[in-house]
Structure formats: C-alpha cells, structure tokens
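> Hey, can you work out the whole structure from these sequences and the hints?
The lines below spell out each chain.
There are 4 protein chains.
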Amino acid sequence: MGMFIATVAGQVHVHDLRVRYADTDRMDMVYHGAYAAYLEAARVEMLRDAGFVYAQMEREGTLLPVVQLELTYKKPARYDEELEVHTHIVQPLTSKLELHCEVRRGEDILVVGRVVLVFVDGSSGRPKRAPETLSQTMSEMGLVWS
Amino acid sequence: MGMFIATVAGQVHVHDLRVRYADTDRMDMVYHGAYAAYLEAARVEMLRDAGFVYAQMEREGTLLPVVQLELTYKKPARYDEELEVHTHIVQPLTSKLELHCEVRRGEDILVVGRVVLVFVDGSSGRPKRAPETLSQTMSEMGLVWS
Amino acid sequence: MGMFIATVAGQVHVHDLRVRYADTDRMDMVYHGAYAAYLEAARVEMLRDAGFVYAQMEREGTLLPVVQLELTYKKPARYDEELEVHTHIVQPLTSKLELHCEVRRGEDILVVGRVVLVFVDGSSGRPKRAPETLSQTMSEMGLVWS
Amino acid sequence: MGMFIATVAGQVHVHDLRVRYADTDRMDMVYHGAYAAYLEAARVEMLRDAGFVYAQMEREGTLLPVVQLELTYKKPARYDEELEVHTHIVQPLTSKLELHCEVRRGEDILVVGRVVLVFVDGSSGRPKRAPETLSQTMSEMGLVWS
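Protein chains in written order, with our numbering: chain A, 2 to 147; chain B, 2 to 147; chain C, 2 to 147; chain D, 2 to 147.
Rather than coming from a laboratory, the hints here were simulated on the basis of the structure. This structure is a prediction, so every number in the text was calculated from the model and none was measured. Keep in mind that the hints are not guaranteed to be accurate.
Okay, derived cross-link-like pairs now, DSBU-like style, lysine-lysine, Cα gap no bigger than 35 angstroms in a straight line [unchecked claim]:
| hint | chain 1 | residue 1 | chain 2 | residue 2 |
| --- | --- | --- | --- | --- |
| 1 | A | Lys76 | D | Lys75 |
| 2 | B | Lys97 | C | Lys76 |
| 3 | A | Lys129 | D | Lys129 |
| 4 | B | Lys75 | C | Lys97 |
| 5 | D | Lys129 | A | Lys76 |
| 6 | C | Lys75 | B | Lys75 |
| 7 | A | Lys75 | D | Lys75 |
| 8 | D | Lys76 | C | Lys76 |
| 9 | B | Lys129 | C | Lys129 |
| 10 | D | Lys97 | D | Lys129 |
| 11 | A | Lys129 | D | Lys76 |
| 12 | C | Lys97 | B | Lys129 |
| 13 | A | Lys76 | D | Lys97 |
| 14 | B | Lys76 | C | Lys75 |
| 15 | B | Lys76 | A | Lys76 |
| 16 | C | Lys76 | B | Lys76 |
| 17 | C | Lys97 | C | Lys75 |
| 18 | A | Lys97 | D | Lys129 |
| 19 | C | Lys76 | B | Lys75 |
| 20 | D | Lys75 | A | Lys129 |
| 21 | B | Lys75 | C | Lys129 |
| 22 | C | Lys129 | B | Lys97 |
| 23 | A | Lys129 | D | Lys97 |
| 24 | B | Lys76 | C | Lys129 |
| 25 | B | Lys97 | B | Lys76 |
| 26 | A | Lys97 | D | Lys75 |
| 27 | D | Lys76 | A | Lys75 |
This is the structure:
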C-alpha cells in the first residue's frame with residue numbers, strides 16, 4: 002500500500018515501511034544489502050496501486066527479474082524508523098523498466114537507488130516488450146519522467 | 002563441507018561457518034532468525050558428506066520442508082566468529098527426519114536446535130517414507146542416536 | 002501498526018504484513034527462517050500499539066533478546082499474500098515475556114510460534130524483572146491469557 | 002578463507018561459497034539482494050588473507066561502511082551451486098576503497114559488482130585516510146590494478 006504524489010516533474014509513488022531488527026547490523030544501522038528488499042516491496046506496491054498485481058503478471062507468464070541495481074548510501078537508517086521509498090520511472094518502458102528510488106526519512110534522502118528490470122517471457126525465458134496496457138498506464142499516470 | 006566425529010553416543014557431523022556482517026543485528030550479535038540458515042547449511046552438508054546431494058533429491062522428486070524448528074539461545078555469537086554446527090539424527094527415519102543441532106564456538110554451546118523435516122513427494126505433495134538407501138546409510142554411519 | 006481484537010480468552014494483537022519476494026525460496030513458499038522477522042515485527046507493533054516503544058525501552062537500558070523460539074509450520078505462505086500475525090502473552094510477565102503467535106491467511110493458521118524473551122539490563126547484561134508499567138498494562142489490556 | 006591468483010593485470014582474490022536455500026527465491030535463483038552479503042564475505046576474507054582482520058580494525062576504531070554498490074546480473078545462480086567471488090581493488094586507497102567483484106560459476110561470470118567503501122573514524126564518525134600499512138600491503142601484493 003502506498004500513495005501517488007504529484008511533483009513538478011511528474012508523479013512519484015510513496016511506500017512506507019518500518020525498519021525491523023532483522024534489517025539492522027552491528028554498526029547499528031540498516032545493513033546495506035537490506036535495501037534491495039525495501040526497493041522491491043516499494044515497486045510491487047507502485048504496480049499494485051496502479052492496478053497491476055505483479056504476482057498475477059507472473060502467473061500470466063511475464064517475469065520481471067532485476068538486471069541492474071545501483072545504490073548510493075548517503076545517511077544511515079536506524080532501527081524502528083519509519084521510512085518512505087519514493088519511486089518513479091526514468092524512461093518509457095521497452096523490454097526494460099528503469100526505476101529511480103529514494104529512501105527517505107522525512108526530508109532527508111538516505112539512499113538513492115537505480116533499478117533496471119527486464120520483462121521476460123516465462124515459457125521461453127527470453128526478453129520481450131513490456132505489456133502494452135502497463136506501458137500506457139504508467140505514462141498516462143505521469144509516472145514516467147523522461 | 003564438514004567432517005564426521007565419533008562420540009560415545011554415535012557420530013556427529015561438524016560444519017564450520019563464519020559469521021557475516023549481514024547476520025548481525027544492532028545488539029551486536031547474530032540475529033536470532035539467522036540460525037535457521039546456519040542449521041540448513043549444516044544439514045545439507047551432512048547429507049552431502051554422507052553421499053546424498055539434497056539438490057539432486059529434489060530433482061528426483063523428494064522435497065524435504067521443515068515442519069518444526071525449536072531454537073534455544075544460550076550465548077550470543079558475534080561478528081566474524083568461526084562457529085561449528087554439530088548435527089546428528091534423533092531417531093530412525095520414517096516420513097520424518099528429526100535433527101539435533103548445536104551451534105558451538107570452541108567448547109561453548111551457543112544455540113541448541115531441534116529441526117523436524119518431512120519427506121514429501123514432489124508431484125503429489127504428500128508425505129512419503131524416507132528413501133531406503135538414505136535411512137540405511139544414516140543408521141550404518143552411526144548418525145542416528147536413538 | 003495493528004489492532005487489538007477481543008476473543009473469549011482475552012485480547013489478541015493483529016499485525017498485517019505482505020510477503021516479499023526476498024522472503025520466498027525456490028520451493029515457492031516463504032523460507033522457514035523468514036518467520037522469525039515476521040514475529041519480531043508483530044510483537045514490536047503490539048508493544049507500540051499498547052503504548053510502549055521498544056526502541057525507546059532500549060535507549061532507557063532495557064534489552065529484550067529472544068531466548069527461545071519454537072515454530073510449527075502447518076501450511077505454506079506464498080509470495081504477495083497478505084498475512085496476519087496474531088500475538089498474545091501466555092503468562093504474567095516476570096523476567097521473561099512468553100508469547101504465542103499465529104501466522105494466518107484469512108481463517109487458515111499457517112504457522113504457530115512460541116517466543117520467549119528475557120528482560121535484560123543494558124549496562125550489567127543481567128536479567129531483570131519486566132518494567133512494572135509494562136506488566137500492568139499488558140494485564141489490564143487483557144493481553145495476558147493465563 | 003580464499004586464495005590469491007595471479008592474472009596479467011594483477012592479483013585477484015578468490016572466495017568460494019555455496020548457495021543456501023535461504024538465498025534463493027521463487028524464481029528458483031539467488032535473490033538479487035543476496036549478493037550484497039556474498040560480496041561482503043568475499044572482501045572480508047580478502048583482507049584476512051592479506052593479514053588484516055576487519056573485526057580487529059573495527060575494535061581499533063576504523064569502520065568501513067559501504068557508500069556505493071552497483072550490481073549487474075548477467076546469469077542466474079542456482080541453489081547448491083558452488084560459486085567463486087573474484088575481488089580486486091580498482092585504484093590506490095584514499096579515504097575510499099573501491100572494489101571490482103565478479104561472482105563466477107566455473108568460467109561463467111554471473112554477476113559483476115562495484116563496491117565503494119569509506120574509511121571512517123569510529124569515535125568522530127568522520128572519513129579518514131586508509132591505514133598506511135593496509136594501503137601499502139594491498140599495493141605490494143598487486144591487488145590494486147590501477
């Protein structure tokens with residue numbers, strides 16, 4: 002669950018989450034690898050809030066594995082903090098979906114992420130174009146900022 | 002990889018592992034949930050060292066999900082420590098495999114675990130008896146302590 | 002975030018969560034070790050919803066490590082499912098806090114858990130009695146079912 | 002534990018690991034977020050094999066948090082596979098340590114990673130230069146490929 006917020010550049014999706022003990026490490030901050038799951042949860046909710054259930058897409062034969070992940074860590078997140086993940090799409094969907102993500106605590110940007118996923122046909126295992134209704138909806142909703 | 006050690010009660014399998022940063026939490030110890038994966042790694046190596054590759058068993062249609070897990074935490078494990086997981090089998094294999102595990106640091110017993118797994122037929126999804134060669138080998142090797 | 006629900010036996014706390022891809026394994030179900038973090042998130046929210054912020058308790062010198070965890074797996078949980086964790090307290094608080102947890106999907110009980118935590122003084126590292134206000138509030142709210 | 006291998010460009014450190022069930026996801030491959038811990042384990046062993054124990058560095062007041070992580074996923078890794086993580090250093094150490102990592106299965110390169118860590122003074126929390134003996138040893142060993 003999340004919400005869409007309008008900015009001057011376009012719509013952004015905002016997903017809330019709470020830092021669990023399991024996510025922390027002995028440096029008393031969120032383990033750097035834990036953000037992969039945070040960004041995953043956020044983009045699945047962005048799709049859901051736009052009317053697309055990723056689990057359903059999988060059942061219908063479209064997989065969406067991650068092919069690139071870039072994370073820049075600016076400030077640590079701490080145990081029990083409530084964070085927001087802001088997500089938007091960087092360019093029109095092709096066979097790829099490229100996302101820009103920011104993990105925020107209030108006004109502070111803690112982590113910036115870039116995630117590239119590729120649409121894959123479940124039976125052949127080969128890349129394919131993004132489903133047309135998905136591409137169109139994402140653009141019409143203003144989530145594509147290019 | 003690991004080794005078998007003879008005790009007065011029977012054979013025990015010993016698996017070595019190193020605590021990663023990812024396993025720690027902000028209490029500066031191994032997160033209590035991380036031991037599930039430690040015990041999993043240890044029992045897979047016990048099977049492998051006895052001549053059974055679990056990944057191969059799966060391909061041949063035998064799954065082995067966990068149905069019960071009991072962990073008692075006695076002392077904390079810390080970052081970068083080299084731990085041993087000692088594993089043996091509690092009673093002759095039926096449709097269940099019951100393991101006793103100890104996570105040790107030198108002579109210290111840090112965590113005691115009991116894990117019950119069930120043999121499941123991959124196609125029907127129903128419980129089935131343990132493969133005969135597995136039951137027999139485990140007993141002959143002295144890994145079953147009943 | 003969660004809510005309290007009245008039952009014939011007492012109050013139970015209900016915490017909602019969504020299964021992430023990161024939580025699944027190749028058996029296409031939630032990895033058995035992932036429930037430790039689910040139960041942790043649920044009990045922290047139970048405390049918060051009752052007026053106690055665990056992160057604050059830690060800052061004030063009360064730690065609450067897990068000393069025992071028992072999980073019984075009845076049915077698998079799947080990717081993207083929305084689950085509820087039902088938590089109540091099994092007996093009046095001493096130096097220990099003993100919880101009964103159920104992970105549910107609708108009416109189905111998927112996993113039953115018992116978690117024992119111990120109140121520890123942060124500076125001495127020794128067990129101590131539960132904070133009086135916490136014990137009293139938990140009892141008054143009907144969360145203790147003994 | 003690992004080993005150093007000479008290449009035409011310089012030395013590379015090779016760390017072996019086995020894929021656990023806990024690392025897989027329902028796409029039947031290693032979850033993309035799990036590689037963060039693989040790379041972490043590998044670089045800690047590289048340091049250890051070169052005579053530097055990171056846990057000891059921490060005790061002596063030098064922290065080394067990750068400030069950037071880039072992962073490119075080329076081929077999936079599967080359950081139970083034995084993987085190698087090849088690590089070398091990209092440029093002479095300053096206040097930063099920049100690593101190039103390859104996760105390999107035999108000759109196949111599955112994942113390519115770039116990790117940037119920063120040396121931080123434990124008491125002040127501020128960046129500082131890499132310990133001189135560390136910089137020198139890494140260069141002398143041929144681990145710095147610039």
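> What hints, given by number in increasing order, does this structure fail?
Checked against the structure, the hints that fail are numbers 3, 9, 12, 18, 22 and 23, while the rest are satisfied.
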